[in-house]
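Taking the hints into account, I'd like the entire structure generated from these sequences.
Reading the sequence shown from the start, the letters are residues 1 to 304 in full-length UniProt numbering.
Please note that a few of the clues may not be correct.
[To be verified] Here are the simulated distance ranges between beta carbons:
#1 D295 to P189: 36 to 42 Å
#2 R48 to P189: 39 to 45 Å
#3 Q9 to E118: 26 to 32 Å
#4 R70 to R252: 39 to 45 Å
#5 D45 to R261: 30 to 36 Å
#6 D91 to M1: 20 to 26 Å
#7 P117 to D50: 28 to 34 Å
#8 R71 to R190: 42 to 48 Å
#9 P214 to D51: 27 to 33 Å
Hint data in this document are derived by calculation from the structure and do not stem from the laboratory. Remember, predicted model here, so these are calculated numbers, not experimental data. Positions of the beta carbon are idealized from the N, C-alpha and C atoms, including for glycine.
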Amino acid sequence: MYSTFQQAQQALAGQAPGDPLAQPIEEARLRQSRYFQALNTGVSDVARSDDHAIGGPHGDIPVRMICAHRRPHAPCLVFLRGAGFWAGGIDSHLGTLHRLAVLTGCVVAAIDYRKTPEHRYPVQQDEILCVLAWLRRHGAELGLRQGAWVFFGESAGATLALSATLALRDGQQDLPAGLVLFYPNCGGPRPGARPYSQWVWRSYLGDADPDAVPGPVPLRQNLHGLPPVWLGCGTADPLLADAQALADGLQRAAVPHQLARFPDMPHAFVMHAAALRPARLALEQAAAQVRSLFDFPLMETLPS
Numbered sequence: 001m002y003s004t005f006q007q008a009q010q011a012l013a014g015q016a017p018g019d020p021l022a023q024p025i026e027e028a029r030l031r032q033s034r035y036f037q038a039l040n041t042g043v044s045d046v047a048r049s050d051d052h053a054i055g056g057p058h059g060d061i062p063v064r065m066i067c068a069h070r071r072p073h074a075p076c077l078v079f080l081r082g083a084g085f086w087a088g089g090i091d092s093h094l095g096t097l098h099r100l101a102v103l104t105g106c107v108v109a110a111i112d113y114r115k116t117p118e119h120r121y122p123v124q125q126d127e128i129l130c131v132l133a134w135l136r137r138h139g140a141e142l143g144l145r146q147g148a149w150v151f152f153g154e155s156a157g158a159t160l161a162l163s164a165t166l167a168l169r170d171g172q173q174d175l176p177a178g179l180v181l182f183y184p185n186c187g188g189p190r191p192g193a194r195p196y197s198q199w200v201w202r203s204y205l206g207d208a209d210p211d212a213v214p215g216p217v218p219l220r221q222n223l224h225g226l227p228p229v230w231l232g233c234g235t236a237d238p239l240l241a242d243a244q245a246l247a248d249g250l251q252r253a254a255v256p257h258q259l260a261r262f263p264d265m266p267h268a269f270v271m272h273a274a275a276l277r278p279a280r281l282a283l284e285q286a287a288a289q290v291r292s293l294f295d296f297p298l299m300e301t302l303p304s
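Laid out in C-alpha cells, this is it:
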C-alpha cells in the first residue's frame with residue numbers, strides 16, 4: 001500500500017486518464033477505460049453479481065446488482081459513477097463497487113446512465129429516477145429491505161445524486177436515508193474555471209438553463225428538506241470549493257451534514273483504494289457512514 005497519491009500514480013506504469021479536449025471523444029474514452037482497468041486490481045470477491053437491463057425513457061439502462069453478504073432484506077446502496085458524465089460504464093468502478101458491497105453490507109445497485117455529449121441533461125436524471133422506480137417495484141424479489149436505501153456518488157455522480165434527490169423531494173416521493181458523496185461537481189459553469197470543467201458542464205447542459213428551478217445545478221437549488229449528507233474531498237482537489245459551498249448551503253438549509261477533508265488528496269483519489277492507503281481509509285470512513293444510517297454492523301474487513 002502506498003501512502004501518497006504520487007506513489008500510487010507512478011505504480012500505474014504510464015497509464016493516464018483520457019482527455020476529451022485533446023483527443024476525439026472515442027479515443028479519450030478508450031484511454032480512460034484502460035486507466036480504469038489499471039485501477040481495478042485486487043477486486044474483492046462477492047457472493048453475487050447480476051446484470052439487469054431496465055427499460056427506460058431513452059432505451060435500456062444497464063444496472064448491476066452486487067451483494068457481498070448473503071443476508072435477507074439488506075439495504076440498497078445506489079451507486080452513481082463520476083468520470084465527468086462522458087466516460088465510464090458498468091465495469092469502470094468495479095473495485096469501488098465490490099469494496100462498498102463488502103464494507104457496507106448493502107446490495108449495491110450501479111446505474112450505467114448514458115454519457116455526454118451524445119446525451120445531455122435531463123437524460124441522466126431521467127434514467128436514475130427510472131431505475132429507482134424499478135427498485136421500488138421489485139425490491140422484495142431482489143432481496144432489498146423496503147424503503148431502506150442510500151445514494152453514493154462521486155464527482156459527476158455526486159451531482160446526479162443531488163439532482164435526483166431534489167427531484168424526488170419536489171415530487172413528494174420517498175427520499176434516500178442519506179447521501180454519501182465524494183468531491184461533488186455541483187456548482188455549475190462559471191467564468192475562470194478550468195477548460196476541462198467548462199467542457200464538462202457545456203457537454204452536460206446542452207441548451208439547458210443552469211439557473212432553472214428545478215434544474216441541473218444543485219448549488220443553484222433550494223436545499224431544504226434533504227436527508228443527511230456526508231461529503232468527502234481531498235485538499236488538493238479543485239472541487240474542494242464546490243464541496244465547501246455545498247456544506248455551507250446545507251448549513252443554511254438546516255440539513256444534517258459532514259464535510260471530511262483528506263490531506264493532499266486530488267480529485268478522484270478514491271478509485272486508487274486498491275493501492276493507496278488514504279483512499280482505502282476514506283472509503284472505509286464513507287462505508288461506516290452508510291452503515292450508521294441503517295444501524296448495520298461491519299461483517300468483515302478488506303485485506304490490507
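Quick rundown of the hints versus the structure:
| no. | hint | verdict |
| --- | --- | --- |
| 1 | D295 to P189: 36 to 42 Å | holds (40 Å) |
| 2 | R48 to P189: 39 to 45 Å | holds (41 Å) |
| 3 | Q9 to E118: 26 to 32 Å | holds (30 Å) |
| 4 | R70 to R252: 39 to 45 Å | holds (43 Å) |
| 5 | D45 to R261: 30 to 36 Å | holds (32 Å) |
| 6 | D91 to M1: 20 to 26 Å | holds (24 Å) |
| 7 | P117 to D50: 28 to 34 Å | holds (31 Å) |
| 8 | R71 to R190: 42 to 48 Å | holds (45 Å) |
| 9 | P214 to D51: 27 to 33 Å | holds (31 Å) |
The structure agrees with every numbered hint stated previously.
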